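Assemble chain B onto chain A, guided by the hints.
Each chain is listed here by its residues.
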Amino acid sequence: ELKVEQNPLFLSMQEGKNYTIYCNYSTTSDRLYWYRQDPGKSLESLFVLLSNGAVKQEGRLMASLDTKARLSTLHITAAVHDLSATYFCAVGFGNEKLTFGTGTRLTIIP
Amino acid sequence: KAGVTQTPRYLIKTRGQQVTLSCSPISGHRSVSWYQQTPGQGLQFLFEYFSETQRNKGNFPGRFSGRQFSNSRSEMNVSTLELGDSALYLCASSSGQYINEQFFGPGTRLTVL
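The listed protein sequences correspond, in order, to chains A and B. Quick note, the first sequence lines up with residues 1 to 110 if you use my numbering. Quick note, the second sequence lines up with residues 1 to 113 if you use my numbering.
Since the hints were made in silico from the structure, they are not lab data. Only a predicted model underlies this, so the values are computations on that prediction, with no experimental measurement involved. Glycine residues also receive a C-beta, built at the ideal position from the N, C-alpha and C atoms. You may find that some hints are simply not true.
Within a straight-line C-alpha distance of at most 27 Å, the following computed DSS-like cross-link-like pairs (lysine-lysine) qualify [said to hold, decoys possible]:
{"id": "1", "chain 1": "A", "residue 1": "K17", "chain 2": "A", "residue 2": "K97"}
{"id": "2", "chain 1": "A", "residue 1": "K3", "chain 2": "A", "residue 2": "K41"}
{"id": "3", "chain 1": "A", "residue 1": "K41", "chain 2": "B", "residue 2": "K13"}
{"id": "4", "chain 1": "A", "residue 1": "K41", "chain 2": "A", "residue 2": "K17"}
{"id": "5", "chain 1": "A", "residue 1": "K68", "chain 2": "A", "residue 2": "K97"}
{"id": "6", "chain 1": "A", "residue 1": "K41", "chain 2": "A", "residue 2": "K68"}
{"id": "7", "chain 1": "B", "residue 1": "K13", "chain 2": "B", "residue 2": "K57"}
{"id": "8", "chain 1": "B", "residue 1": "K13", "chain 2": "A", "residue 2": "K3"}
{"id": "9", "chain 1": "A", "residue 1": "K97", "chain 2": "A", "residue 2": "K56"}
{"id": "10", "chain 1": "A", "residue 1": "K97", "chain 2": "A", "residue 2": "K41"}
{"id": "11", "chain 1": "B", "residue 1": "K13", "chain 2": "A", "residue 2": "K68"}
{"id": "12", "chain 1": "B", "residue 1": "K57", "chain 2": "A", "residue 2": "K41"}
Here are a few chain A residues that face chain B, going by a calculated C-beta distance under 10 Å [as the list claims (entries may be wrong)]:
{"id": "13", "residue": "Y35"}
{"id": "14", "residue": "G92"}
{"id": "15", "residue": "T99"}
{"id": "16", "residue": "G101"}
{"id": "17", "residue": "I109"}
Computed Cβ-Cβ distance ranges for the label pairs, DEER-style [unchecked claim]:
{"id": "18", "chain 1": "A", "residue 1": "N7", "chain 2": "B", "residue 2": "T38", "range": "15 to 25 Å"}
{"id": "19", "chain 1": "A", "residue 1": "M62", "chain 2": "B", "residue 2": "G84", "range": "35 to 45 Å"}
{"id": "20", "chain 1": "A", "residue 1": "M62", "chain 2": "B", "residue 2": "P39", "range": "37 to 47 Å"}
{"id": "21", "chain 1": "A", "residue 1": "M62", "chain 2": "B", "residue 2": "F69", "range": "36 to 46 Å"}
{"id": "22", "chain 1": "B", "residue 1": "K13", "chain 2": "A", "residue 2": "A78", "range": "15 to 25 Å"}
{"id": "23", "chain 1": "B", "residue 1": "R30", "chain 2": "A", "residue 2": "A78", "range": "33 to 43 Å"}
{"id": "24", "chain 1": "A", "residue 1": "S12", "chain 2": "B", "residue 2": "S51", "range": "44 to 54 Å"}
{"id": "25", "chain 1": "A", "residue 1": "E1", "chain 2": "B", "residue 2": "T38", "range": "28 to 38 Å"}
{"id": "26", "chain 1": "B", "residue 1": "E82", "chain 2": "A", "residue 2": "R60", "range": "40 to 50 Å"}
{"id": "27", "chain 1": "B", "residue 1": "K57", "chain 2": "A", "residue 2": "E5", "range": "35 to 45 Å"}
{"id": "28", "chain 1": "A", "residue 1": "M13", "chain 2": "B", "residue 2": "N77", "range": "23 to 33 Å"}
With the rest of the complex left out, here is chain A:
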């Protein structure tokens, strides 16, 4: 059974600081997704990573994928309050089935 683990589960960081969220998964997959969820809202797609070594950046967020290590990272640069949310990684397994990580609740403190 595919397992997806994220850490940390909770993260409080000051504005302007950098940090990284880690996503480990147990079974080989070539699809890794990152989503953002604001409280009471649905999931917003951030990144789709499809190959080993893939790196994607959008604003202050950068995601990377190492399929050999079964590890993806979401790096936050110079955090701002608007980035406060819960971030999920999800691994693609079979046709359209996503297995989600536990989520990382990120709080940016002014």
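Okay, now just chain B, sitting in the frame of chain A:
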């Protein structure tokens, strides 16, 4: 392009009742997946439909069922509701091609009393 729509947005039911949730995917998308989100279990995959056929199924009891219509709209049904079925039910739409991004709807918040 209009996004994924789900109805109703909120629902309150009592134990033993049944409920039907609806999802309209993005125009042109043929795959609809359903997920259950709870604080305790997180996001869990229920099932996926593609061209009116169930293509994938998660580990949920038979009380959870779904279907997809020829216009790709999908419905999910939960019979004999239990307290533990209280959750946010999310539907996601994609083109159905391998390695494809899923777009999520706003969800239906189901409360079982």
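*Which of the stated hints cannot be reconciled with the structure, identified by number in ascending sequence?*
1, 6, 8, 11, 17, 20, 22, 25, 27, 28
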